[in-house]
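Participant: Sequence:
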Amino acid sequence: MLKRILICFLILCQSQMVMAADPLPVKAFAIKAPNSKELNQFIQFMDEEMAPRGINTLILRVDYTYEYQSHPELIGNNPLSHAQVKQLVEAGKRNQIRLIPQINLLGHQSWHTQSEKLLEVYPEFDETPHIKLPDTYEWPNEDGLYCKSYCPLHPEVHGVVFDLVDEICEVFEADAFHAGMDEVFYIGDDNCPRCAGRDKAELFANEVNKIQGHLALNDRELWIWGDRLLDGQATGMGMWEASMNNTHRAIDLISKEVVIGDWHYERPDQSAVYFAMKGFRVLTCNWRRPEVSTQQVEDMFRFRAAATPEMKPRFYGIMQTVWSSAGAFMEGFYDHKPDSDGGDQTAWNTFRVMFERIETLENQAKTVSQAK
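The sequence shown begins at 67 in the numbering used here and counts up by one.
Derived by calculation from the structure, the hints in this document are not laboratory data.
Treat the hints with caution; some may be incorrect.
[As the list claims (entries may be wrong)] Label pairs and their computed distance ranges (CB to CB):
#1 Gln107 to Gly210: 38 to 46 Å
#2 Arg315 to Arg119: 31 to 39 Å
#3 Ser390 to Met343: 29 to 37 Å
#4 Asn257 to Ser102: 36 to 44 Å
#5 Met305 to Val434: 37 to 45 Å
#6 Asp209 to Gln162: 43 to 51 Å
#7 Glu156 to Ser391: 45 to 53 Å
#8 Gln299 to Pro118: 25 to 33 Å
#9 Leu199 to Lys103: 24 to 32 Å
#10 His178 to Ser406: 17 to 25 Å
#11 Met310 to Ser390: 37 to 45 Å
In this text, a Cβ means the ideal position worked out from N, Cα and C, and glycines have one as well.
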């Protein structure tokens, strides 16, 4: 009798939240790949912090920080060697953490005043060559410049980027690849001789499907961020977390095999339901606000608990995204650094809070399930 009272009390304490009877399929962490100096500490972090929290998926933004053999001209600063990547792979295997490498495709081909390696070496791939990178970057600006994009219709671009994709997936022994594809502001530019006048949603969808089709040749999944598939005007989410340049209609044109990372950092917007209803596996993604992240965790459990058998597998899990170097994150984590205002709005504090909340909910769900 006492046991049943305790169970009822636990359920009541969740503010009437219905909990799923099983763990989240994916508990993910996304961060810039460590450089060679950060590597040993990062592997220790995988062993001592990620694995005990049940993190089973690690997305590493590699981009051009690897010693590519297929295109050595695209090697960036302080790259990881083949042997160093294999150290990460072994740490992943040891801890049952799936490693997914990321190279930003389509968008994010520049940052402020500097091109990334692809457009630096192959400027002919630039979607908007008439827009010059400024000596001093400011936002907003007359050109609407945030990050450059490559032209998805350039006849030679995929020959280069797919070489990189294949090589990085092979060295990471990866069965999935993350292509980024967020915040694409330059697409279908009126001055592009190939893209001008074309439907931006179709351009975006065709690029997604081209990448997905290439990966499928080797039985690999494609993961992308979901912001370009949301209508920024209709939802009120605006130009960053959603699209204001009409790419949102691509949601009905891309392969349902694509995994979506639905990121919202300031509010716990529940657009994961929209992606799931459209047939996609979706992860809710957070960053550095503990209270928002906690709500997102609870929402994902609630979505799964309330879903039909058809919908439930599409609510794929939770992913924390970190937009600093691995070294900066680990320094903040181990030194318990506050934010700039002396508060707790940091990615490392959010890491602790969100995964603690996941563990609590999973344990409570297990208790309820065992008592039935």
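Participant: Does the hinted range 24 to 32 Å hold for Leu199 and Lys103 at CB?
Facilitator: holds, 29 Å
Participant: Is the hinted range of 37 to 45 Å satisfied by the C-beta distance from Met310 to Ser390?
Facilitator: violated, 27 Å
Participant: CB of Gln299 to CB of Pro118, is that within 25 to 33 Å?
Facilitator: violated, 43 Å
Participant: If you check the beta carbons of Arg315 and Arg119, does the distance land in 31 to 39 Å?
Facilitator: Cβ of Arg315 to Cβ of Arg119: about 38 Å, so the range 31 to 39 Å holds.
Participant: Indicate whether the distance between the beta carbons of His178 and Ser406 respects the range 17 to 25 Å.
Facilitator: holds, 20 Å
Participant: Return holds or violated for the Cβ distance of Met305 and Val434 against the range 37 to 45 Å.
Facilitator: holds, 42 Å
Participant: Given the range 43 to 51 Å, decide if the beta-carbon distance of Asp209 to Gln162 lies inside it.
Facilitator: Between Asp209 and Gln162, where Cβ atoms are some 46 Å apart, the hint holds.
Participant: For Asn257 and Ser102, compare the CB-CB distance with the range 36 to 44 Å and indicate the outcome.
Facilitator: For Asn257 and Ser102 the Cβ distance comes to about 41 Å; the hint holds.
Participant: Using the C-beta atoms of Gln107 and Gly210, is the stated range 38 to 46 Å upheld?
Facilitator: Holds: the Cβ-Cβ distance is about 39 Å, inside 38 to 46 Å.
Participant: Do the beta carbons of Ser390 and Met343 sit within 29 to 37 Å of each other?
Facilitator: Hint holds: Cβ distance 34 Å, inside 29 to 37 Å.
Participant: Falls inside 45 to 53 Å, the C-beta gap from Glu156 to Ser391?
Facilitator: violated, 22 Å
Consistency note: the structure conflicts with the earlier hints numbered 7, 8 and 11.
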